[in-house]
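Heads up: the sequence shown runs through residues 1 to 117, numbered per the numbering used here.
One should not assume that every hint holds.
[Unchecked claim] The calculated label-pair distances, taken between Cβ atoms and stated as ranges, are:
(1) I94 with L42: 33 to 39 Å
(2) L2 with R79: 22 to 28 Å
(3) G55 with F13: 33 to 39 Å
(4) L86 with G48: 32 to 38 Å
(5) R79 with W117: 21 to 27 Å
(6) L114 with E81: 17 to 23 Å
(7) L86 with G57: 34 to 40 Å
(8) P76 with K22: 35 to 41 Å
(9) H43 with D83: 31 to 37 Å
(10) L42 with G18: 37 to 43 Å
Just so you know, the hints here were simulated from the structure itself, not pulled from any lab data. Every value quoted in this text rests on a predicted model; they were computed, and no experiment measured them. We treat Cβ as the ideally placed atom computed from N, Cα and C, and that holds for glycine.
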Amino acid sequence: ELWTSCFMALTAFERAQGSGCKPGQLPNSNKRPGLIKKWIALHRPMSGPEWDALGSGDGVAYGELWWTWWMQIQPPGRRVEADFVLARRDAGPITWTRLSKSGSNGMFIVLVSLAWW
């Protein structure tokens, strides 16, 4: 049910961006998990043995890599409350354009990469 909610939220986000909106790209990061690069190099499979292999590694280690990347690409001012915990409410206004990226190189990558965890 949570996975479905995530997918529905991504779908709503993509629709809200509109068909005339140029797709975006998430911020560059040297902390991006290597599995994302591998997935892109494999031409972004969504099923089959290559897809299955992406999610067959050490989930704990991947989770730590994923969170490090996710925290690094957050907008300036986003507060970290504890290890792997981002604040739901921040002290001041935050500009979300850094993460508000549609298309295959935007928030879609975040959701896909969560599937391997």
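We went through each hint and held it up to the structure:
1. One distance hint, 33 to 39 Å for the beta-carbon pair I94 and L42, holds here, with the actual separation near 34 Å.
2. Take L2 and R79: their Cβ atoms lie about 24 Å apart, and the range 22 to 28 Å holds.
3. For the pair G55 and F13, the beta carbons lie near 23 Å from each other, so the given range of 33 to 39 Å is not met.
4. Our hint of 32 to 38 Å for L86 and G48 holds, since their Cβ atoms are close to 33 Å apart.
5. Evaluation of the 21 to 27 Å hint for R79 and W117 yields a pass: the beta carbon distance comes to about 23 Å.
6. Checked against the hint of 17 to 23 Å, the pair L114 and E81 passes, with Cβ atoms roughly 20 Å apart.
7. With their beta carbons about 24 Å apart, L86 and G57 fall outside the hinted range of 34 to 40 Å.
8. With their beta carbons about 23 Å apart, P76 and K22 fall outside the hinted range of 35 to 41 Å.
9. Range check, H43 to D83: Cβ separation about 35 Å, and the 31 to 37 Å hint holds.
10. Under the hint 37 to 43 Å, the C-beta atoms of L42 and G18, about 30 Å apart, miss the expected range.
Hint compliance for this structure: hints 3, 7, 8 and 10 are broken, all remaining hints hold.
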